[in-house]
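Q: Chain A is fixed; fit chain B onto it per the hints.
Okay, here's what each chain looks like letter by letter:
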Amino acid sequence: MWLTFKNKFFIQFWSPFAAVIAAGILSTYFFGLTGSLWAVTGEFTRWGGHIMQWFGAEPETWQYFKIIGLEGTPLDRVGGVMIIGMFGGCLAAVLWANNMKLRMPSSKKRIGQALIGGMIAGFGARLAMGCNLAAFFTGIPQFTLHAWLFAFAAAAGTYIGAKITLLPFFRSSATVKPGGLKKVIKPNPNQVQNRFRLGWVVFAAIVAGSFYIMSSSTKLGFAMLMGIVFGLLIERAQICFTSAFRDMWITGRTHMAKAIILGMAVSVIGIYSYVQLGMTPKTLWAGPNALIGGLLFGIGIVIAGGCETGWMYRALEGQIHFWWVGIGNIIGATILAYYWDVFSAPLATNWDKVNLLDVFGPLGGLGVTYLLLALSFGLILLWEKHFFKKQRSLKNAKLSPVVSQPDVVIAMAKTL
Amino acid sequence: MTESVVADYNLEIYGEPCPYPAVATLEAMASLKPGEVLEVLTDCSQSINNIPSDARNHGYEVLDISQQGVMLRFLIRR
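If you read the protein sequences in the order shown, they are chains A and B. Residues in the first sequence are numbered consecutively from 1, following our numbering. Residues in the second sequence are numbered consecutively from 1, following our numbering.
A hint or two may mislead.
[Said to hold, decoys possible] Restraint-style ranges between C-beta atoms, simulated for each label pair: (1) A:GLY35 - B:ASP64: 28 to 36 Å; (2) A:LYS8 - B:GLU36: 30 to 38 Å; (3) A:THR4 - B:GLU61: 44 to 52 Å; (4) A:LEU198 - B:ARG56: 32 to 40 Å; (5) A:TYR339 - B:ARG56: 42 to 50 Å; (6) A:ILE269 - B:GLU36: 43 to 51 Å; (7) B:VAL6 - A:LEU371: 46 to 54 Å; (8) B:GLU61 - A:ILE25: 31 to 39 Å; (9) A:GLY35 - B:GLU36: 54 to 62 Å.
[Unchecked claim] DSS-like mimics (lysine-lysine), calculated; alpha carbons at most 25 Å apart, straight line: (10) B:LYS33 - A:LYS390; (11) A:LYS109 - A:LYS183; (12) A:LYS395 - B:LYS33; (13) B:LYS33 - A:LYS258.
Derived from the structure by calculation, the hints contain no laboratory data. We put the CB at the ideal spot given by N, CA and C, even for glycine.
The shape of chain A in the complex, shown without the other chains:
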């Protein structure tokens, strides 16, 4: 009994579909309990700011940090404790499943990709005032128009990013070899057991930490506890917003994109009810910054292989590639913060903060949001149909569906 349960919940990966919808529900409560969005990039930008402070700079005087705030330490901020909770949750999940191993990048090219892609994504996200979370997954349910601009621009960006990542230069050097493989080496059972226990130690420590924080601030305590659950969800279900966009273009897979739309649909009505009870939705400038930022972000996340939420759990799994993505993100975000004053007025702050609930009235705004979500879902279905129709006609034309020269590779492998 326990073994089956353990295997199912702690070792095997969870269904991403259910997990994304759960994240949608949880992020709604997160807003109700903390008054903030489930978001990570703003806080990462602040971390960049703190690092600058250690080196003697005064980022607190920069306009951008005046907007997003740089008071106190991460422990005093909802975003800060939430991210610490997320890291803790991810780490516990990784240890339970023995999914930790230092995985070196396969080439220097990948490190470059990770760093540069991460920088572009970090810059773009902060230009648009949010990443896949605050400007998309938790942004759209806030009825802020900038999230819609960001989402469509990011979708376009990921298309460009996908084209770049599939250039021959970046291709994987792994080749098909004849024959089945030797047995997969089983991990050392002692290590598995030790890590499972260590996972519980981490989990207990982070939960205890949350309760400690809760004793002085209920809001921060809840933020951290919910961060733990977010961390568990994203790692155990390998939730990847990047793949939701990218894989529609590359392999025609729409599973994740559909899940995200449903997750947002669930969240929308919840946020609506909080707003009706008197909470203020978080609305941001619907300016060119959302479009340009979204486009850059989309390109960046695909080149890097993961977004701000994506690198967090992969970095803890020991995928070195994503350490570089994280570093890139923080550098990119800090560069944006530094140059913010130069272009903030024409691109962002001169534009109105548009909330659909104000434009169309409460019911109208709710209706328009659901209509747009339904339209997005429809577009995904259409794209899927189109993609596989094209695949079939390519196949019938006796061409290999996905590019490259696999026959040559096989022939070579056979002669070896």
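A: Structure of chain B alone, referenced to chain A:
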């Protein structure tokens, strides 16, 4: 049931981020003859969400998915 299946080809991908494992798998599958089986071994955790469903979407049969620590193994028949 999968014990009896012997793969005709294998593909090992380590340390590569998405989308490369899934793309390499689909490319490899396209080069197989109908009925042949490819074994994919990877340490990219994310593959659990993409390799099996991509393979099915592209009309291949997923015979087995197994997880051993960080290693994921997929058996796919064209």
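Q: Each of the hints needs a verdict: does it hold here or not?
A: Hint check:
1. A:GLY35 - B:ASP64: 28 to 36 Å: Given a distance of about 48 Å, which is not inside 28 to 36 Å, the answer is violated.
2. A:LYS8 - B:GLU36: 30 to 38 Å: holds (32 Å)
3. A:THR4 - B:GLU61: 44 to 52 Å: The hint (44 to 52 Å, Cβ to Cβ) is violated, given that THR4 of chain A and GLU61 of chain B are roughly 27 Å apart.
4. A:LEU198 - B:ARG56: 32 to 40 Å: holds (36 Å)
5. A:TYR339 - B:ARG56: 42 to 50 Å: holds (46 Å)
6. A:ILE269 - B:GLU36: 43 to 51 Å: Given range 43 to 51 Å: holds, Cβ gap about 49 Å.
7. B:VAL6 - A:LEU371: 46 to 54 Å: Hint holds: Cβ distance 53 Å, inside 46 to 54 Å.
8. B:GLU61 - A:ILE25: 31 to 39 Å: holds (35 Å)
9. A:GLY35 - B:GLU36: 54 to 62 Å: Check passed, 57 Å falls within 54 to 62 Å.
10. B:LYS33 - A:LYS390: Between LYS33 of chain B and LYS390 of chain A the Cα gap is close to 21 Å, so the pair holds against 25 Å.
11. A:LYS109 - A:LYS183: violated (31 Å)
12. A:LYS395 - B:LYS33: holds (13 Å)
13. B:LYS33 - A:LYS258: violated (33 Å)
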